[in-house]
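Full structure from sequences and hints, please.
By this note's numbering, the letter at position 106 of the sequence shown is numbered 106, and the numbering carries on one by one without gaps.
What the hints contain is simulated information worked out from the structure, not anything from laboratory work. Since the structure is predicted, the reported quantities are computational estimates derived from the model, not experimental observations. A few of these clues could be false.
Think about it this way: if two alpha-carbon atoms lie no more than 27 Å apart in a straight line, the pair counts; the simulated DSS-like pairs of lysine-lysine are [to be verified]:
| # | residue 1 | residue 2 |
| --- | --- | --- |
| 1 | 106 | 94 |
| 2 | 127 | 140 |
| 3 | 140 | 130 |
| 4 | 109 | 94 |
| 5 | 73 | 85 |
| 6 | 80 | 94 |
| 7 | 80 | 57 |
So the derived label-pair ranges between C-beta atoms look like this [said to hold, decoys possible]:
| # | residue 1 | residue 2 | range |
| --- | --- | --- | --- |
| 8 | 116 | 96 | 39 to 47 Å |
| 9 | 86 | 108 | 27 to 35 Å |
| 10 | 84 | 124 | 54 to 62 Å |
| 11 | 46 | 25 | 29 to 37 Å |
| 12 | 139 | 113 | 35 to 43 Å |
| 13 | 65 | 25 | 52 to 60 Å |
| 14 | 62 | 22 | 53 to 61 Å |
| 15 | 55 | 29 | 31 to 39 Å |
| 16 | 13 | 33 | 24 to 32 Å |
| 17 | 4 | 32 | 27 to 35 Å |
| 18 | 54 | 26 | 35 to 43 Å |
| 19 | 69 | 49 | 42 to 50 Å |
Quick reminder that beta carbons are idealized off the backbone N, C-alpha and C, glycines included.
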Amino acid sequence: MQEVNLVSGITAIVLYIALIALVIYLIIAIKRIVGAIDNINGAIDNIEKKVDHITTKAEPLIDNSLLISTDIKEISANLKEQSLKVNGIVDSVKDTTDSIIDFEQKVQKEVETNVFDTLNLITAVSKGIKTFVGALSNAKNGSANRKKIRSNSSLEEDLY
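Written out as structure tokens, the structure reads:
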């Protein structure tokens with residue numbers, strides 16, 4: 001039994017040595033973990049400083065962009081109003097132009113009709129005067145045949 005006691009004592013010593021080695025290993029691992037956590041905390045602090053710096057610089061830019069977007073909205077609304085006004089003016093000018101063109105066409109028709117009627121009247125009167133003068137000159141000459149020939153030629157002219 002002494003041997004069992006001796007073996008169990010050696011086993012206990014080996015287990016205690018293993019336990020001590022395990023505790024030392026755990027202490028070293030915990031130190032490494034704490035060091036890594038300190039590095040992470042330092043990196044987070046550094047990132048936090050940079051983000052704060054970026055935030056302080058970005059706030060005026062955001063405010064300016066909000067002002068610019070408000071101005072753009074106002075300008076856009078004004079442009080829409082002006083566009084509607086211009087469209088109204090263009091429509092009014094178009095209607096006025098159409099009215100002027102219609103009036104011009106009506107006046108042109110009336111004037112052309114009256115001018116053509118007047119020209120036809122003048123042509124008819126001049127032919128009548130020519131015929132009358134021709135008849136008078138034939139009457140002075142006393143030739144009935146010439147009168148007949150002239151009257152036939154004047155009839156032919158009237159047909160054309």
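(request) Give me the numbers of the hints this structure contradicts, sorted from smallest to largest. (result) 7, 8, 17 and 19
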